[in-house]
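Sequences listed follow chains A and B, in order. According to the working numbering, the first sequence is numbered sequentially starting from 1. According to the working numbering, the second sequence is numbered sequentially starting from 1.
Copies of the same chain look alike in the list, so a pair counts if it fits in one copy or across any two.
No more than 20 Å apart at the CA atoms, straight line, and that leaves these computed lysine to aspartate or glutamate pairs for EDC-like:
1. K66 - D31
2. K147 - D53
3. K147 - D245
4. K51 - E153
5. K147 - D52
6. K66 - E93
7. K142 - D128
8. K199 - E112
9. K66 - D53
10. K87 - D67
11. K147 - E195
12. K202 - D245
Honestly, the hints are just simulated from the structure, not real lab data.
Number of protein chains: 2
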Amino acid sequence: MAYELHYWPTIQGRGEFVRLALEAAGAPYTDVARGTDDSARGESALLRLLKDDAQTHPPFAPPFLKDGAVVVGQTAAILLYLAPTLKLVARSEQARIWTHQIQLTIADLVTEVHDTHHPVASSLYYEDQKPEALQRAADFRKARLPKFMGWFEAVLQRNPCNGPGRAPHLVGARLSYADLSLFQVVEGLRYAFPEASRKALKNAPRVSALHDGVGMHKRVKAYLESDRRLPFSEEGIFRHYPELDG
Amino acid sequence: MAYELHYWPTIQGRGEFVRLALEAAGAPYTDVARGTDDSARGESALLRLLKDDAQTHPPFAPPFLKDGAVVVGQTAAILLYLAPTLKLVARSEQARIWTHQIQLTIADLVTEVHDTHHPVASSLYYEDQKPEALQRAADFRKARLPKFMGWFEAVLQRNPCNGPGRAPHLVGARLSYADLSLFQVVEGLRYAFPEASRKALKNAPRVSALHDGVGMHKRVKAYLESDRRLPFSEEGIFRHYPELDG
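Please build the complete structure, drawing on both the sequences and the hints.
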């Protein structure tokens, strides 16, 4: 049976980290809210499940995944759930917890990226918190982004399976969901902060190489070129406001 | 062999979620950075491991746990790693992923609590971002806190194992690490936002009951009364700035 992915239909957002995993694995799935509204599809189907009082495992927010009777929310938990079946994580318990630890650090970075344009309240427009956003983005560019990129670079450098002449991986010698998520973060950073991310990636050549390697993965490439891949926009997490790029 | 918990020695912070799990399970552990500085203890030992270039699984930040040769960072990943051994999670895969999903939602709430006093930059003092903090805290009290508490209440209400006359649990019929973390969040919220949390908890009686139940757990109670439990303070995540409580 196909997985059902529930996420807002017009943005990449956090749903994209799950989409990339499903696409890279060639797993059958329905992007529920992007269908035409009817009994089982469209944004109304997402909202119905989100507000369903009979759900014993209610998701707090999209994205969430429905796999038969199982409903899982929280991006990192969805990936933790899917990865063994999709073969996007190694078998050993230690590799799995390490992959998840990296994913949670990526999740922290994603939250900080979001907060560069929404430091005061998610419920307010960017335009209503622009002075605060300028401050927060400056700190992000100067302190946080280099710290995160330096950490990912160190992880890639210390992975004994990585070597010259081939694209590096965060864990072991094979593609994991953390690789896919770091790819998406680099894509997003280049869109939102072209100048700051150019500088940060100059000091993180292995992160760049990972990004390029994932982008050449056959199924990932096909997905990125399809109309299933939504464009970045100023409604998502990674937003290009030139003033926030310094 | 005793677990080694590495966390800043003077605050509860995110380390407290791990401490509570270790204490509730009666697991042997060393709170490394709280020892006197020597070759194996004190904050210098924490910093040494954090900056050790030979670590193939370097933690991004404290807390991190050392279990023999295994090093695990990220609070939720540490709990995911520890819980089966400490018997703080049910056996079924579905219960485990659900417990983790709840934990990640707790982690999101904790980040939002932190950002009420540090909306612009963690590297700045509260006093340097007070106007922004007032705005962010107002949104937190009005929109976010009730949303989170409403969700935890719904989770408790829909857990078929909960019933009248006994303390509720988030998952199944036994204490899990998510219960311990929600207990800590309620403790922290009551300290930081006494007025806002009083209102929010009035609408979340099951969350209050869970808090009270966990607080009466024999080993948790002994821990809370010991000098191993650090007090809340204006250096941690949950800070009492009366102006942020409305």
